[in-house]
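For the sequence shown, position 152 (counting from the first letter as 1) is numbered 151 according to numbering that gives the first Met the number 0, and the numbering increases by one without interruption.
Treat the hints as calculated values from the structure; they're not laboratory data. Check the hints yourself; a few may be wrong.
Okay, derived cross-link-like pairs now, BS3-like style, lysine-lysine, Cα gap no bigger than 30 Å in a straight line [as the list claims (entries may be wrong)]: (1) K99 / K50; (2) K146 / K99; (3) K150 / K99; (4) K211 / K99; (5) K146 / K53; (6) K211 / K150; (7) K150 / K50; (8) K150 / K53.
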Amino acid sequence: MLQNLSSFQQRVITGIALLVLIGFIGWLDNRLVMWVFLGVIYIFAFYEAMKLFKLSSSSAYFWAAFLWIIAYFHPNPDDLFFFIAIIFASSLAYFHNFDKRLLLPFLYPVSGIFFFLILYQDFGVGYMLWLLVTVALTDTAAYFTGKAIGKTKFSDTSPNKTLEGVFGGIIIATIAGSFLAATLVPWGIAFIITFLTALSSVFGDLFESYLKREAGAKDSGDLL
């Protein structure tokens with residue numbers, strides 16, 4: 000079914016599903032349940048990333064699974080990225096024919112999913128929903144604004160994006176997201192962080208487009 004939908008429609012459906020599921024899991028407010036839920040996304044996203052980058056390595060899957068398991072028990076999962084860097088550097092030095100592209104799935108999407116786990120552990124589900132809503136609104140508003148008034152190409156990396164659409168997406172997401180964030184933090188902080196999140200979302204999406212172009216893939220999968 001998803002194959003018959005556009006890339007934008009897939010992202011909207013995925014975003015809505017994530018919001019509903021995270022809202023429900025957040026209502027349960029159980030760390031183990033959240034870890035399992037994000038772990039399922041993590042596994043499928045890593046698999047799709049390996050396909051996207053045309054990689055085949057059983058050891059990469061092992062290290063990905065190992066890191067996620069350790070993340071549950073480790074008080075600061077963000078420290079594990081130093082562990083990844085050490086393993087990568089050691090393998091690069093010892094195995095001269097080590098495929099450097101194996102680092103790519105750990106940069107995207109592993110780092111993003113780890114960030115969600117860290118965000119939940121440190122701040123709670125409300126901040127996760129804030130982030131997801133802001134990102135989803137940026138993408139959706141940019142799409143419709145671009146369709147309505149878009150004329151100026153934003154970047155060669157993503158030819159379908161327009162400058163007008165990007166500005167519209169950032170403005171709408173910042174305003175709407177700030178109201179949601181204001182229930183969690185003071186208004187001024189809510190506005191600044193929401194704006195930076197919307198801006199980062201645009202370039203994060205652009206980076207995904209760049210990776211797809213480099214990999215020669217038209218689509219990066221149902222989750223990525």
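Each hint tested on the structure:
1. The hinted pair formed by K99 and K50 meets the criterion: a straight-line CA distance of about 16 Å does not exceed 30 Å.
2. The hinted pair formed by K146 and K99 fails the criterion: a straight-line CA distance of about 39 Å is larger than 30 Å.
3. Only pairs whose Cα atoms come within 30 Å are accepted, and K150 paired with K99 is rejected, the gap being roughly 39 Å.
4. Proposed proximity of K211 and K99 is supported: the alpha carbons are some 17 Å apart, at most 30 Å.
5. In summary, the hint linking K146 to K53 is not supported, as the alpha carbons are separated by about 33 Å, beyond the 30 Å threshold.
6. With a C-alpha separation of about 24 Å, the suggested pairing of K211 with K150 holds against the 30 Å cut-off.
7. A hinted pair counts as satisfied when its Cα atoms are at most 30 Å apart, and K150 with K50 does not qualify at roughly 34 Å.
8. Taking the CA atoms of K150 and K53, the gap is near 35 Å; set against the 30 Å cutoff, the hint is violated.
When held up to the earlier numbered hints, the structure conflicts with 2, 3, 5, 7, 8 and fits the remainder.
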